[in-house]
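**Q** Position chain B against the provided structure of chain A, taking the given hints into account.
Residue numbers (the working numbering), protein chains in the order written: chain A, 1 to 353; chain B, 1 to 417.
Just to be clear, a hint being listed does not mean it is correct.
To be verified - Each computed SDA-like pair below joins lysine to any residue, with the alpha-carbon atoms no more than 20 Å apart:
| id | chain 1 | residue 1 | chain 2 | residue 2 |
| --- | --- | --- | --- | --- |
| 1 | B | 72 | B | 281 |
| 2 | B | 414 | A | 122 |
| 3 | A | 91 | A | 122 |
| 4 | B | 351 | A | 62 |
| 5 | B | 351 | A | 61 |
Everything labelled a hint here was simulated from the structure, so no lab data went into it.
Bear in mind that the values here come from a model prediction, so they are computed numbers and not experimental data.
Next come the chains, spelled out residue by residue.
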Amino acid sequence: MFCIAAFIVLVFMAAVSARYRRYLGKAWNCTLRRVTFRPCDTTFKQDIKDHLLAPLAVRRPGLVGPASVALEVVALLVVLTTVWSAYVVVKSGVNLYVYGTCNKQDSASCSLGAEACSIPDQTPTFGESLLSGDVIGAFGNDFASLGETFSAIPSRMQNWDAEEYLPANASYLAAYDAKKETALEVIDPGCTYCLQLFNNIEEAGFDDRMNLTYIAYPIASADGYKFENSLLVTQYLEALRLNPLEGAETPVDWEILRRIYTEDNDKGVSWQSVINGAEPASATALLQDWSAEFGLSPEQVASVASVAASDEVADIIATNTQLVEERIHTVKIPSIIFDGRRHDGLVSVGDLD
Amino acid sequence: MIGKELKDMKHTGLFRRSAPVAVETGRLADFAYLQPGAVYLDSACQSLRPQPVLDALTEYYTEYNACGGRVKYAWGTRVDREVQDARTAVLDLLGLSGRSHAVSFTLNTTFGLNLLLQQLPQGRFGRVVTSHIEHNSVFLPTMTAATRLGVPRLVLDRAPDGALVYQPAQLERAVVVVNVASNIDGRLLTNLTDLVRDTHARGGIVILDAAQAMAHERTLLAKTEADALCFSAHKMYGASLGVVVAAHDLLGSLELTFVGGGMVADVREDSFDLLTNDPGALLEPGLQAWGEIIALRRAIEWVGTVRPDGRPAAEHIQGLSQRLFEGLSDIPGLTLVNSEASPVISLYAPKQDSHRLAVFLSQSQIMVRSGYFCAHHYLKEQLGLPPLLRFSLGLHSTTADIDQAAQALARLMKGLS
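Extracted from the complex, chain A is given alone in its bound form (with noise of 0.2 Å):
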């Protein structure tokens, strides 16, 4: 263990200075064997902990002894977290080409992937499973995490195509063009990212190269939604695909989730922020007030509101949710499909020009 210890020490001084790289040709001949299971090099073990200990001998022999086992329980503990940090780094790199974050459990956490919304996992963490004393499950989810994230790979590298993932009664924020790409947003109506996402998106005029269309994803919680009226402004929207109102330029639905990411309330917050914190029914009476706004009658209204609370949307919330967890398998919101790929995350003006 000790010259695996020290090769790992000395690669990272020997990248610094010449004077370790003499010894790093010997440590790795005995990390080579000691890895294959072979009798280590004694002697390279013993010279290094000589060195290390000959200053302590001088002054306090006495404590050459606590002091070289102190030594082994170092090269172990040293060991132990390079194998650890490789694992994580591995496990975090393959994570970020696959998910767009090196953290899979808590995407928003991991900075180096583009913003977003994360899709929390209900799976307990390594730490957690080990602080409740079990150690099985705690490596048991993080391979099982990880042999998941090996099997994503081959989804990563396909060819995205946008036709292949609609949901059911796609809407289109412009009027439907057959010659133009589709590009479908998985989003949540109560996410921050997806109303800059949207902002982008109209900045770039990417609503008007493409055919633009989304699936509703209320993202889930421990205890409910993560935005606790995005269920709810879901069932809305969906409710509206199913009843479009004729001759209406722009989607209802669309209409909806516009004013929601780009308007502002009299007081200058914006909808997003009021629907996000406001009591389901003052968030219905405004998705109604909205629908009203944009042309249903008083028993459309009636109607869309009857029909949002429906088994049907309930199925259809279902249906797509599964779409996402299950086929485009993003741990991010908002994610966008288009130009042959799968983008997690938000996106810039300069990457949907």
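**A** This is chain B only, laid out in the frame that chain A set:
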């Protein structure tokens, strides 16, 4: 024999010894360059060079840096004179005559022994004889020489006093190769004269490894009738250089396979003529280490004239040896391989790793050797000992050095136990 040797090893700390004899405390001025605090106790590997030797080397490299033996200009002729003086000095040191013996220079003792052993004539010898306590420089070439000559190899014991234990019949047409002084415990080949006489009486030859003897134990070698001896200048205060002193008869009988410039009188397409008037050149193919050869003469002069504290060098070393032996004997937990004082003292601590002790001592600027000192067969295979710690003295050593080393080791042993 081995059991007795192990039993005879001195376990220290059992008895208090009398106070060490009083000897000098100052360092010879010729080693004034040594940094304060540095305690070099590995002279058995190579001795420190006194200032006159360093000066001789510098003088050669800065004033007449020329090849020898092949040029006519002034620098070269001076080199030739100096080299010839060095050969003479070596012979004089041993009390030998240039009419019967020649001096050749090479890399080191090992190389010198190989030059002789690997070129011995086929069919003349019936066996190769050596002893268990030999350095690998003897032990290994005797194996390959026996194989090459197609004869058996006999490995004999050495008595505690260093004498080779043999029956005269074992020397029949033998090539006897043994050390004069052990690099483990300094024991001497006390029956050298008898060995040479008995070997010659049975048609054999004696080749000596004098590496450890030349610095401080040359008395045994005075006017030796051995057929050849090899030693290293760097173990006797000279620069890095090997020396072979061999009888003309032996040199003339060699089947030379290692040949080159500097040893031939004439060369044709398919043959050559060796020099006839310079037997020593037969072992000197190619250019030599001229500066080192010249420095050897200065080292010989220095060893012959230096009088530390007004006393002969040998007497001085003897006093230091006694002090070192007694100082180390007083440290509990050590087992000394030596049964008596010697400039070379080896020991081990059964509960401590010798390499570790050497590293720890090095932290205090005390330089001692650890390991098997190229005597693996004897120490490791035959005696079954762990790696040892070796202290070896030189004329640069002082009583302060010895006391400092002994105190440091004692403190370590106490703290580590």
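**Q** Evaluate each hint against the coordinates.
**A** These are the hints, each one checked on the structure:
1. Between the alpha carbons of residue 72 (chain B) and residue 281 (chain B) the distance comes to roughly 19 Å, so the proposed pair stays at or under 20 Å and holds.
2. At roughly 60 Å between alpha-carbon atoms, residue 414 (chain B) and residue 122 (chain A) are farther apart than 20 Å, so this suggested pair is violated.
3. Note on residue 91 (chain A) and residue 122 (chain A): the hinted pairing holds, with a Cα-Cα distance of about 19 Å set against a maximum of 20 Å.
4. Taken as a hint, the residue 351 (chain B) and residue 62 (chain A) pair is honoured in the structure, with Cα atoms around 14 Å apart against an allowance of 20 Å.
5. This hinted pair checks out: residue 351 (chain B) and residue 61 (chain A) have alpha carbons roughly 14 Å apart, not beyond 20 Å.
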